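The listed protein sequences correspond, in order, to chains A and B. Position 251 of the first sequence, counted from 1, bears residue number 259 in my numbering, the numbering being contiguous throughout. Position 43 of the second sequence, counted from 1, bears residue number 210 in my numbering, the numbering being contiguous throughout.
Where hints are given, some of them may not hold.
So the derived label-pair ranges between C-beta atoms look like this [said to hold, decoys possible]:
id, chain 1, residue 1, chain 2, residue 2, range
1, A, 642, B, 258, 54 to 60 Å
2, A, 894, B, 254, 34 to 40 Å
3, A, 746, B, 262, 23 to 29 Å
4, B, 256, A, 894, 32 to 38 Å
Simulated from the structure, these hints should not be mistaken for laboratory data. Please read these numbers as outputs of a predicted model, since none were measured by experiment. Backbone N, C-alpha and C define an ideal beta-carbon position, used for all residues, glycine too.
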Amino acid sequence: MTQPYRLSTGGRIDRSRTLTFSFDGKHYTGHPGDTLASALLANGVHLVGRSFKYHRPRGILTAGGEEPNALVGVGRDDAHFTPNLRATQVELYDGLTSESQNRSPSLMRDYGAVNDVFWRFFPAGFYYKTFMWPRKAWTKFFEPRIREMAGLGRSPKTADAARYAQRFAHCDVLVVGAGPAGLAAALAAAKTGARVILCDEQSEPGGSLLAEPEAMIDGLAAAEWLKAALVQLAAYPQVKILPRTIAFGYFPHNMIGLAQSLTDHDGEWDDSKPRGRLWQVRAKQVVIAAGAIERPLVFPDNDRPGIMLAEAARIYLERYGVLPGRRALVFTANDVAYRTALALHRAGCAIAGIVDLRPDAGGPLVTAAQKAGLPVFPASTIAGTDGRLRVTGATIKPIAGGSGQHVSCDVLLMSGGFTPSVHLFSQSRGKLVFDSTLDAFLPGAPAEACSVAGSAAGLQSLKEVLDSGAAAGGGAASYQVANAPLAQGGFIGAVPYHGDPGSVRAFLDYQNDVTAKDVVLALREGMRSVEHVKRFTTNGMATDQGKLSNMNALGIMAPVLNKPVPAIGTTTFRMPYTPVPFGYFGGYARGELFEPERRTAIHSWAAAQGAVFEDVSLWKRARYFPRGTEDMRQAVARECRAVRNGVGIFDASTLGKIEVVGPDAAEFLNRMYINAWTKLQPGKLRYGILLREDGFVIDDGVIGRISDTRFHVTTTTGGAARVLTMMEDYLQTEFPELDVWLTSTTEQYAVIAVQGPMAREVVQPLVEGADISAEAMPHMSMVECRIAGVPARLFRVSFTGELGFEINVPADYGRAVWEDLMESGRPYGITPYGTETMHVLRAEKGYIIVGQETDGTVTPDDVGYAGMIGKAKPDFVGKRALARAAFAAQTNRKQLVGLLTDDPAHVLEEGAHIVADPAQPKPMTMLGHVTSSYWSDALGRSIALALLRDGRARTGEQLYVPLENGNARVTVVSSVFYDPEGVRLNG
Amino acid sequence: MKLLPPRSPIKGSQEMLLIPCPYCGNRPEIEFAYGGEAHVVRAAAPRTVDDTAWTEFLYFRKNPRGDHAERWRHAYGCGRFFNVKRNTYTDQIEASYRIGETLP
Ligand SMILES: [Zn+2]
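Generate coordinates for the entire structure from the input sequences, incorporating the hints supplied.
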């Protein structure tokens with residue numbers, strides 16, 4: 009290809025090398041130093057996308073991160089594909105593959121453009137109002153249609169092939185933006201010996217100096233001064249310069265989030281290198297030198313391809329050697345657009361006219377334009393444009409009225425002045441102050457240790473910009489500047505255009521397709537605050553966060569509301585400044601590292617046996633051990649039978665364990681748990697219940713007294729960390745006088761439960777140093793001994809209702825002891841069982857599971873455990889709350905009961921509600937809900953536990969559980985289904 | 168109430184405060200767990216407190232916009248609870264002091 013709009017000289021591109029790239033399947037060429045946008049323009053391509061709502065053809069509007077139109081998908085394949093990239097920021101590399109978005113089937117012929125024909129039916133507030141239409145219309149028509157048509161970009165379907173790195177850093181001064189102000193700040197700070205990080209979103213530092221052919225700084229051409237400044241900075245070892253790095257977020261205490269792109273610019277060819285790096289920088293001082301963003305002018309049909317910002321056009325010319333068109337019309341309220349016109353004129357582009365909203369534009373640039381013979385139209389406006397896929401002309405009218413004049417052009421370059429980039433400053437919660445001479449919000453009092461320099465602070469001359477940077481960096485340099493233009497003048501709001509306002513669309517927010525009329529409509533519908541207007545019209549809610557549109561929206565609102573701009577306020581700026589790919593935030597936390605798995609010492613054995621695992625908090629627990637073709641129900645029935653009739657073995661290692669040690673250990677437990685602990689003898693166990701201060705059950709577990717001053721506390725699997733934190737809280741803040749130490753021992757012990765009538769026969773042969781006979785070691789006792797040669801804490805305890813032991817051994821020996829127990833149990837048919845069988849066996853006995861039978865609103869009495877409360881204790885956590893009159897007044901609390909279905913084969917759904925009268929009209933009176941429900945092999949039928957209003961008094965009553973396929977009749981029974989006398993425990 | 172939400176350390180990347188632990192010095196927020204309003208006194212003899220006062224103790228908190236005395240635990244550090252005076256609007260921390268000490 010020929011790049012017909014590329015100039016033969018000038019710019020910062022390397023013409024000695026030619027790069028090939030594709031856009032929508034068509035191949036083009038460009039040069040190193042190009043962006044995708046500049047390369048497309050060099051090839052005469054302006055049409056790059058379709059707008060969000062109306063599918064209007066759109067072109068490249070800007071030359072930077074504020075670009076709302078030229079959003080593209082880039083990547084050679086799905087695994088390297090990123091949607092919604094701004095073509096103005098995508099650096100060109102050889103082989104780059106890109107595509108436009110929001111069009112079907114092609115940019116030239118887009119079916120969605122029908123929205124543009126019917127634009128009157130899609131006014132502001134459309135999305136909100138359609139919610140009020142009949143539901144059917146929404147689900148059948150609007151939602152699928154909107155989903156199909158309103159997408160921005162496509163999500164890749166394959167996993168991201170790239171890696172992402174993360175880094176924490178500290179510095180004395182972080183300078184955001186490496187334009188003249190940022191460079192001056194970094195130079196001044198570096199001179200003081202400060203550790204400096206200087207970051208900039210572009211491929212090379214320099215900012216506006218990268219397109220500055222005229223200005224002289226300290227006697228050097230701007231480009232030469234830039235080169236010298238970078239050499240000077242590179243000589244400081246404590247200065248780090250990060251190009252291609254966006255400061256996307258300003259967080260409390262001077263934490264700045266940076267997203268540094270590492271391989272995007274050369275095509276992500278090597279997946280072993282990180283694609284990007286997320287920096288979390290803690291800076292003593294932040295200098296925001298983020299520059300200013302040129303504003304579009306809001307006039308009818310101001311969105312055709314070929315309509316660009318004036319300064320952007322000059323950047324394409326000066327930095328990339330690209331002519332944006334052959335015949336330019338300039339529309340401005342600012343002097344710098346004259347500079348664009350002059351530069352284009354010199355480069356061979358015809359200037360159809362300079363239309364200036366101001367009646368009295370003067371100054372050197374205006375004079376120079378007049379001197380060059382460029383036609384200037386003062387006090388004039390543009391009343392409309394034409395051209396379908398590219399602008400072809402516009403109508404110029406005097407503001408005072410009168411007949412218009414049509415001129416043809418292939419680019420229309422506009423400038424409404426500049427909006428300082430206060431985004432980061434505002435994110436830091438610094439106050440913004442409105443400057444009515446500049447029509448701009450400027451940084452006011454900072455909330456963090458930060459300062460704002462350069463045009464981000466509203467400064468307009470290069471000398472002021474450089475000096476403010478030097479001052480912000482702690483220096484006093486006074487720069488000598490010559491030949492620099494002054495960016496004075498500006499306009500906010502919709503320009504006068506003398507047309508029927510109902511029949512034109514003057515675009516305000518290009519990315520969200522919001523027009524000036526939409527804002528007026530929002531005000532007519534009663535919206536007053538800028539935040540309301542924003543949500544009603546969606547102005548400023550696109551990914552560019554209204555970088556181009558916010559000030560113009562305020563300019564439209566102010567005269568309608570008859571209020572000054574600062575009285576209307578500005579919207580909140582949020583991170584990220586520009587979109588950051590998700591991968592940066594995920595960083596290393598993906599795949600296996602996303603959420604670390606916790607595995608017990610016996611995990612590998614269970615996995616080798618083909619166990620099916622389930623997630624319990626971060627733990628992997630064996631759920632059941634299928635044999636042959638067994639499904640879960642068959643496996644669980646077999647495992648249950650083994651425990652009830654012979655012996656089973658269960659990995660209980662995930663139970664939380666806390667060692668409570670010290671002279672006041674018993675007193676501490678007295679104050680924490682509802683039970684009494686003082687009289688519990690060493691060598692004995694007790695089932696403990698823990699409440700929150702509000703009286704509701706939060707955890708439970710068996711607690712063993714090892715000695716007078718030492719307890720072995722167990723907690724639920726999921727509650728271990730919570731309980732330890734709660735204990736630490738009370739110990740440190742409420743009971744600091746108690747002499748107690750708490751240590752988590754969850755991961756130090758493997759816990760093996762051996763349960764069933766044959767349990768003692770299995771364990772006995774492996775025990776050294778203890779008598780575990782029924783007489784010497786009754787239910788709820790413990791002994792320290794050796795098992796399989798390993799020091800152990802042996803508990804006689806049961807969560808199955810059978811004779812049982814729980815063996816605590818050092819975790820490293822867990823698997824060895826487990827295998828010895830398997831060997832020892834072989835003659836008895838020892839059967840490994842999983843959590844599902846554990847659940848069934850405990851439900852048959854009516855043992856609760858905290859979090860299943862309890863939900864944070866259940867008292868000990870609700871689950872039938874009131875008898876465990878140590879009545880003589882003056883205080884324990886939750887005691888005072890339970891004594892409140894509010895509890896006593898409640899006569900119909902939900903209580904734990906058992907339910908038996910009429911149909912013994914029917915296993916109820918957990919969570920199902922219980923009612924007395926299934927014929928009652930809705931809303932029905934809910935009496936409670938099913939908390940646990942299983943097939944019980946021992947009973948040969950289904951069983952369920954439930955929380956039921958006044959449940960214990962309802963024993964024998966028949967109630968109903970309404971389910972999707974009919975009502976199940978149930979009978980209320982005791983929550984203990986199996987061996988209610990508990991004889992088996994004592995075997 | 169004395170409940171701390173369970174925290175997973177990997178969820179910390181969006182937590183940005185720099186918190187001065189009175190025992191360890193400045194540490195990033197990722198190492199800490201929030202503990203709610205400070206100086207909510209649990210009566211030494213709860214029996215002697217009436218229902219209204221106990222309900223107040225259980226459920227009512229100031230939730231101010233501005234200066235707030237609050238508890239933090241250096242959960243992934245020394246494990247100690249301590250108090251912090253933080254402005255809930257600006258997030259600036261004005262003081263950090265040990266349990267039992269009064270708000271400076
Ligand atoms: Zn600490």
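Quick rundown of the hints versus the structure:
no.: 1; hint: A/642 - B/258: 54 to 60 Å; in the structure: 57 Å, holds
no.: 2; hint: A/894 - B/254: 34 to 40 Å; in the structure: 36 Å, holds
no.: 3; hint: A/746 - B/262: 23 to 29 Å; in the structure: 28 Å, holds
no.: 4; hint: B/256 - A/894: 32 to 38 Å; in the structure: 35 Å, holds
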